[in-house]
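Asker: Listed below are the residues making up each chain.
2 protein chains.
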Amino acid sequence: MATEAASIDIAPAPQPVKAVHPLASLQEDELRTITRLVKEHNPGQVCSFRRALLIEPPKAEVVPYLEAELEGRPRPRPPIRRGQALFYFEGRQEYMEAIVDITNGRMLGQRHLVGEHGPGSDEEMLKIGAAALASSLVKKEVERLQLPANCQVIAEPWPYGSDESDTPTRLSQVWFFLNYEHNKDHPSANFYGHPLDFSCVVDIATMSVTRIDRLPSNLGMSNTDPNARFVPNADSEYAPELQQNGLRRDLKPLHISQPQGVSFDVGADGETISWQKWRFRCCFDVREGMVLRNVTYDGRPVFYRMALSEMMVPYGDPREPLHRKSAFDLGECGAGQVANNLQLGCDCLGVIHYLDGLSVSPDGEPAIIPNAICIHEQDAGLGWKHTNIRTGRADVTRARELIFQLIVTVGNYEYALYWILDTAGTIHYEIRATGIMSVTPSAPGVDLSSLGYGTVVADGVFAPHHQHIFNLRIDPALDGYRSNAVVYDDTFAMPREPASNPHGVGFEVKTTQVDKEQAFDLDWTTNRVVKMINPNKVNKHSRKPIAYKVVAPPTQLGLFDPSSMHYKRGEFTDNHIHVTKYADDELWGSGEHMWQSRGGRGGCNAWANRGRQLEDDSVLWLTLGFTHATRAEDWPVMPCEVFRMHFKPVGFFEQNPALDVAPSTQNVNKSRLAFDGNGTQTQEAAVEPACCRPRL
Amino acid sequence: MATEAASIDIAPAPQPVKAVHPLASLQEDELRTITRLVKEHNPGQVCSFRRALLIEPPKAEVVPYLEAELEGRPRPRPPIRRGQALFYFEGRQEYMEAIVDITNGRMLGQRHLVGEHGPGSDEEMLKIGAAALASSLVKKEVERLQLPANCQVIAEPWPYGSDESDTPTRLSQVWFFLNYEHNKDHPSANFYGHPLDFSCVVDIATMSVTRIDRLPSNLGMSNTDPNARFVPNADSEYAPELQQNGLRRDLKPLHISQPQGVSFDVGADGETISWQKWRFRCCFDVREGMVLRNVTYDGRPVFYRMALSEMMVPYGDPREPLHRKSAFDLGECGAGQVANNLQLGCDCLGVIHYLDGLSVSPDGEPAIIPNAICIHEQDAGLGWKHTNIRTGRADVTRARELIFQLIVTVGNYEYALYWILDTAGTIHYEIRATGIMSVTPSAPGVDLSSLGYGTVVADGVFAPHHQHIFNLRIDPALDGYRSNAVVYDDTFAMPREPASNPHGVGFEVKTTQVDKEQAFDLDWTTNRVVKMINPNKVNKHSRKPIAYKVVAPPTQLGLFDPSSMHYKRGEFTDNHIHVTKYADDELWGSGEHMWQSRGGRGGCNAWANRGRQLEDDSVLWLTLGFTHATRAEDWPVMPCEVFRMHFKPVGFFEQNPALDVAPSTQNVNKSRLAFDGNGTQTQEAAVEPACCRPRL
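Residue numbers (UniProt numbering), protein chains in the order written: chain A, 1 to 696; chain B, 1 to 696.
Honestly, the hints are just simulated from the structure, not real lab data. Check before you lean on any hint, since a few could be wrong.
[What the hints assert, rightly or not] Heads up, simulated BS3-like pairs for lysine-lysine below, C-alpha to C-alpha not over 25 angstroms straight-line:
(1) B:K670 / A:K252
(2) A:K537 / A:K277
(3) A:K670 / B:K252
(4) B:K540 / B:K277
(5) B:K252 / A:K277
(6) A:K540 / A:K277
(7) A:K537 / A:K59
(8) B:K537 / B:K59
(9) B:K670 / A:K670
(10) B:K581 / B:K568
(11) A:K537 / A:K510
(12) A:K139 / A:K184
(13) B:K540 / B:K581
(14) A:K252 / B:K277
(15) A:K510 / A:K568
[Said to hold, decoys possible] A short list of chain A residues far from chain B (calculated; beta carbon distances all over 12 angstroms):
(16) H21
(17) R75
(18) A155
(19) D585
(20) A674
It should be emphasised that the depicted structure is a prediction, and the values quoted were computed from it without experimental measurement. Every residue gets a Cβ at the ideal spot worked out from N, C-alpha and C, and that includes glycine.
Model the full assembly from the supplied sequences, consistent with the hints where possible.
Answerer: As structure tokens, this is what we get:
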């Protein structure tokens, strides 16, 4: 965060912003202070804001505050709150950063971020699309295609990505699709079902089309046929009104109710959540979507910060210009920036509380994203059970989860992101991938699936295989904010040996300390388990350090060549685990500015490869990949593909933390039998009062 | 199923049993026919029945029946129903098998299963325990320990397992625990919290104790101290009434209701289930718990048979006599045999339908297990969603699942087993492991966790690490019962090469045919995906065979030495995937008779290693392992550890099969806001009628 320009002192603002908790999300008045200071610092310029963000106070300043808070001691003065503005001067290429002291209303410095570019937004994408459609180059291509009468061409701008050619200006690559006349007025008409065979490149600062790229649609690597025409293909509609065979009518309503209200509380700050001994901040973040801060359980710190750090979506189609397709949806766009307004009863079922999100408008005003996060409880099935076969007595509890959901739309694609806490001390992170796959044209009658890097999913539509590679940054704080180490356990068969393992059945767990910054992979052959530990506190029974483990399967990593631009940009995509020394400004696995990034400016690899000694200040980065070989079943809209990973206590507690969950009883749960004794569906309460009666 | 004794013709029974569907579960009258025929065949003997089972009719005889059924043609005469009885003559060691023709009421043959032993039951285990406690050898050990006054010693019989020493008689190994005086009358007192330092071996036929084994409880490999006494330790109670700090009281009720009834139907046969285009039989099975038979979707066959085939639970503690601990819970015991009676509102939440289970009593009468399977629908969160950012219109559906739950108690441990079908054409199999870990004594003051193969989880209690290795047998029938093949797809980065992959970003899927019986592993480095295909039917868009894929992570396999008895018995535990040629009598991955089995009598390895050519008759066996390094948090009862695997369509459908699920709307879902405008919890309907309103 060093500033290039000298910092300029400005007199304190007449009314300093009111003190807020050091870990609170950016407040609306803070945002206004940031943009005001930037505007005042740049008289005569029109600032177009991309981001107005909180720079989290240095952890070293926050920890004494949190410790005092936890111990009930008088809290020290909260650290100064600083903000970052990322902006352009209207019509210019230079990407600008300003750092301000929000607390004291002072500009600390401003600089041109040389070689970097700002993130996109839906609003900008729509402008780029309009510019593309207005271009004579594009019109010429449209003319060549001899499209059906009265159809509507849709421009779909994407980040430009990167390849070996240098691209100093900020660019977008734009794909084209169409709606036929008969459904072009439908708000959910699926234009992606009709991909056109060209794209264009737009210089965003000037909003001008600089190049047309033809898209390959045949078995060859390129398509340069000057006379290629559009071949009409069938619609692929997902909207319910457009289903030619109607909708299924036999899925009966299912209602979730909580007649005594919900079990969670939300603090007056609007983001401190208390539920089942958990207490933490669920903060909206423009980039990361949701950030959990200062997660505590029964008054004990567990995690300082947990967030999705980046998501890379590289496509396996090597044909130009498709080779650049590789989205970094957090860095190029922002999971919070494109968060949906979630709707009661549509996106969320049951008894719901919503949190709004805060972004900035181009002119520097707060832009509220209503209902960006929905919070609700969910029954999670059997919690634990045991039946004593001697007495027939069964003890059974149910598991309950508290779910935080945020759904993002990134052009064609949707991700639903979830932080989930449960009644047994586990934190889960879940991702659901849905929406519409990114597709390109397929010439009729050609077996494009034979190429191996994609599937023809409908007439004229080729869906290239791609990867979704997620990276989570986990900053642990197990019973303290100053003692974070990482180890991993491998389980090995013991050698068959008369003295120690005479029957050849023994196996043992061996622990490896991660004492230096490094990257490594999971390994199913040794059941490798990565644990975050507090090396200074042991479980009284096991005599091992208290820990939380990562439960995630080993998944395929980035498939691009180490010499490729994808690899240089990715940073986190070639190992499952990176462990780095804590630094306040190392939050995102591929680095900070991702639009047309060219690598070499930080990220998991660079940081892990420093190999510095770790001294109770380890941060864990977890990479989970999903190689999506496209299916017909994912078209025209994809049923959610679900990934869930877990953070589970290992000796953090002295016994099962769900032991005090009350038994599951019919008296409380009010279930019903589906059918009466005659096999007829029953609407009345067919309540069976005897509960957990002996089996014997 | 060859019989050793010559078959003996018996005159047809006066009233042949009524014809039932070839795939129907064993009926009560059929069970009575089996045991009656066996009794008639053995006059003067007292038969003690272990099992009375249906032998599924040969697939070759069933398929024409199913095809006629599906196509609405007149059905051929159903195949003869045959039954198998497994039994002992009271007080004798010979394990007997009889095969009967149920349809015609004829004994087909009977033989002594030389070298095999019958499965256990809870009733037998309790008898063994009583015999052990009555033995003078055991009494002497108890005396040595100088136990606290008025405590109660509990005997916990287990299967004997196997090791290199030959054990021709049927044995049980018995562990001992105690309850202190103060809680010995509590029906859920956790005696496992007080393990004693010896075990005994019982000859089951004679119910006599043949040997005492001392248990190691120190750092050495054995414990022979003739004067070792019991060292009292603290209780580890799981029962709610015994929680010293009380129960949490802030988890509010959560109710699930279906005001218009459930969406599924149950046929008059009690086991044919119809739900959301799925139609199949959910059959109770004494051994496998639940078997799905003839699973069809929208009238198209998908699977002929799906079931858990075996579960092996080897322990990593190499010390004698613990080295033999390795449960085969299906073959030694039976998931159906020890199924819980599930209770409305306790084990199952919402609107529930129950299926009963059928077993046999020792005297040959039907033994009903009430409510063995619970069936209910569950909301599964976001189904699919897309927002068109140009129009602001969001289309969103929810996913629904139909769940079949069976919970088994195997002594100390519980497994909840689930078949789950969803609205997007996917079938899931879920296992939840809970209950109480098998533990052994730990001498006070000794760091037994340092041994590497277990964890001291409480004062005096050592929980050895162990594995749960599950094996599923999947017999596919994709659009037909006669064309089953298996392939696997690997995804490779393409070499960077100017002509085909100039930017080094391409990757491709390569398919390998499994043309011979074989075993192989999953591989995350290539994202290996195993698919069951119909080689004779292609998806019209992708031009690839229609398929269902297995979605399961690669997990650690058996950790025992290939020379060990565990290995010889396991059969399925050293590869993730086995593919074999279909055979009517190859249903269980470790073979049929598991009590004291010694290997070499069939199972996945043996069958896969035949290496025969496959001819559209492939069966897939999937192994999933969980290496459980024990945690304090798993004690005294273990929060459910959840494993879910999936079977997903790949080109089986021409598009997303959930496309016709009606949109998720507040009008149907009736959600509520948790708090009113003042932040007060609201009990009234705070319904927001506007649904899915535009985000822009």
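Asker: What's the verdict on K537 of chain A and K59 of chain A, does the C-alpha distance respect the 25 angstroms limit or exceed it?
Answerer: holds (21 angstroms)
Asker: Are the Cα positions of K670 of chain B and K252 of chain A separated by 25 angstroms at most?
Answerer: holds (13 angstroms)
Asker: Run the distance test for K252 of chain B versus K277 of chain A: straight-line Cα separation, threshold 25 angstroms.
Answerer: With a Cα-Cα distance of about 14 angstroms, the restraint between K252 of chain B and K277 of chain A holds, given a limit of 25 angstroms.
Asker: Going by Cβ atoms, does A674 of chain A stay more than 12 angstroms from chain B at every point?
Answerer: Incorrect as stated: the minimum Cβ-Cβ distance to chain B is 4 angstroms, not above 12 angstroms.
Asker: Decide if the proposed pair is consistent with the structure: K540 of chain A and K277 of chain A, CA atoms, cutoff 25 angstroms inclusive.
Answerer: holds (22 angstroms)
Asker: Measure nothing beyond the straight line between the CA atoms of K537 of chain A and K510 of chain A; if it is 25 angstroms or shorter, mark the hint as holding.
Answerer: Satisfied, since the Cα-Cα distance of roughly 19 angstroms is no more than 25 angstroms.
Asker: Going straight from one Cα to the other, do K537 of chain A and K277 of chain A come out at no more than 25 angstroms?
Answerer: Given that 25 angstroms is the threshold and the Cα spacing comes to 21 angstroms, the pair holds.
Asker: For K540 of chain B and K581 of chain B, compute the direct alpha-carbon distance and say whether it is at most 25 angstroms.
Answerer: With Cα atoms ~28 angstroms apart, K540 of chain B and K581 of chain B exceed 25 angstroms; violated.
Asker: Compare the distance between the alpha carbons of K540 of chain B and K277 of chain B with 25 angstroms, and conclude whether the hinted pair is satisfied.
Answerer: Holds, because 22 angstroms separates the two Cα atoms, which is no more than 25 angstroms.
Asker: CA of K510 of chain A to CA of K568 of chain A, is that 25 angstroms or under?
Answerer: Not satisfied, since the Cα-Cα distance of roughly 34 angstroms exceeds 25 angstroms.
Asker: Mind verifying the non-interface call on D585 of chain A? Its CB should be farther than 12 angstroms from each CB in chain B.
Answerer: Given a closest Cβ separation of 30 angstroms, the condition holds.
Asker: Would you check the hint for K139 of chain A and K184 of chain A, treating anything up to 25 angstroms between C-alpha atoms as holding?
Answerer: holds (19 angstroms)
Consistency note: the structure conflicts with the earlier hints numbered 13, 15, 18 and 20.
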